[in-house]
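S.K.: Got chain A sorted already, so can you dock chain U onto it with the hints?
So the sequences go chain by chain: A and U. With numbering that gives the first Met the number 0 applied, the first sequence corresponds to residues 0 to 310, in that order. With numbering that gives the first Met the number 0 applied, the second sequence corresponds to residues 0 to 310, in that order.
Each hint can be trusted.
Copies of the same chain look alike in the list, so a pair counts if it works inside one copy or between any two.
SDA-like, lysine to any residue: derived pairs with alpha carbons at most 25 Å apart: (1) Lys100 <-> Ala87; (2) Lys193 <-> Asp183; (3) Lys193 <-> Gly235; (4) Lys193 <-> Ser66; (5) Lys100 <-> Val21; (6) Lys100 <-> Glu55; (7) Lys193 <-> Gln68; (8) Lys193 <-> Arg67; (9) Lys100 <-> Glu53; (10) Lys193 <-> Gly35; (11) Lys100 <-> Leu233; (12) Lys100 <-> Asp18; (13) Lys193 <-> Ala179; (14) Lys100 <-> Pro79; (15) Lys100 <-> Pro28.
Source of the hints: derived by calculation from the structure; they are not laboratory data.
The lines below spell out each chain.
2 protein chains.
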Amino acid sequence: MIVVDWGTSSFRAFRLNADGSVRDRRAAPLGIMAIGDGDFAAALQDQIAPWLAEGEDRVLLSGMIGSRQGWREAPYLACPAGAADLAAALIDLDFPGAQVKLVPGLSARRTPLSVPEVMRGEETQLVGLLATGGEGDPATASTAPQALLVCLPGTHSKWARLADRRIAGFTTHMTGEVFAVLRDHSILGRLMPKGLTGASDASADAPGFELGLARSADAGGLLHHLFGVRTLGLFGDLPATEAAAYLSGLLIGHELRAAMPASAEVRLVGAAPLCALYARAIAVLGGRAVLAGSDTAAAGLAHIGGLAGWN
Amino acid sequence: MIVVDWGTSSFRAFRLNADGSVRDRRAAPLGIMAIGDGDFAAALQDQIAPWLAEGEDRVLLSGMIGSRQGWREAPYLACPAGAADLAAALIDLDFPGAQVKLVPGLSARRTPLSVPEVMRGEETQLVGLLATGGEGDPATASTAPQALLVCLPGTHSKWARLADRRIAGFTTHMTGEVFAVLRDHSILGRLMPKGLTGASDASADAPGFELGLARSADAGGLLHHLFGVRTLGLFGDLPATEAAAYLSGLLIGHELRAAMPASAEVRLVGAAPLCALYARAIAVLGGRAVLAGSDTAAAGLAHIGGLAGWN
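So that you can see chain A by itself, here it is in the shape it has in the complex (with noise of 0.2 Å):
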């Protein structure tokens, strides 16, 4: 089976072995965006026709491809909502010479008139965590809990509860999106030096990360917080080259206090730079950080494939 988590700007694809795990990986800067003519049915094409030569053919598909924007929209599966719904509800794509399958993205109401929360991909990795225990690092977890708290940090940060095997619920913060667009077109990023090119570019113990942590407990709230930045700068209290982990630190400590129960235990998942980030906030803010494995996305391709009798 090939699995592909296909996103607004990536393409990352792996050939499993018949007991889920990766034989074969690759990756291209081919999100949905780049694909200028919409023909996805040809771009993946040419991303893996050697594995479909060699003899594949049953390709699984997740992410923003599944969107208005992608191959085909997918309508969302409420949660809650685990591996096996999402397995009775993959939706078939037109492909020459295989069998192409897109699992949707699910959707969330804490009530039928609260605003609506989405998520396409991240629930694949969620599936991913289920499926390989969840517990993280055995050395470092704790007992596995009855509920997880999963944290997917990223342009739009999710943050998941799992309970009985199932994605419950989640919300959605957008820290990574509103600090690139601050970055790059507001008065704030003029004191940065450029070249920075997202969030994790701030290293976690870069002391402006601790100090934009440690404003964001402070009274007044984010656009108050936000305007310091430029203050600090302009009276010499914070280096140009701090400017931009303080920043990324006022904003995930904004994220964290309004996401994050005191003292709990999260679960990360995502991108290594930018998971020791978020680990590094979550534990100064008096919370515990478990780092999930890699390749979640795969492994929980791997297992809605399985449910849907591909394996």
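M.R.: For chain U alone, coordinates are given in the frame of chain A:
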């Protein structure tokens, strides 16, 4: 006397009578960022030549023209500070054929180690409010309190405390700039019809504005609430035409909940459309808004000029 409120994006000049009333006025989109060659003296000469020709020979400037990017950087005066303090700290500028002086901006720190605050231009509006009584419309204002809370909404909203006829302190909220960068550069703006130019484009009676205000009271924090602008649109719960108003209500709601004490009376100083939005939001959140008169900058500069012997 000629007084000029010279900001980042606009130039507003007033020719005053001896009693400080406005005799004539002119405005141009010649903010300091628009003076490409940095020849501020020539730009000023162009704008006020007719008045100089009629015998005016004293010009008082305030605003970002006194910043590092302006004509000359004026050191910030520390709060508490009043009109007399500002008048005693004027800075002379070289200009052929007239005396030109610059009003410095203000800084504030709650404690020596706290994050600094800065303003350039708003101090003259605050002095103008004090000089003209500060009670707003006598028909709606309660008896003048000992201390006034003043909000100057904008790109960087200021909340100032006035006491003993001085500016005791103030805070800044980046509400307007955050609105603009999210609308123009984030995923939230993609759902909005083109042609909006600012938070003030939202109408105070737009249903979306009210919904955004209400949402700001919920748990979860601003970074979480922002994502709702997208998901409410995706689910058809918020028309695209209301998305900007919702975002505006959300941000202004967060600003007010952080900056405004319960049932406070707030003087509003600024452009009429934006003050109307804030007045509505203050009322919805249980405060009491009093609109200040117009031309507070000219009134403040007239008062400062008088104290400096220029009347």
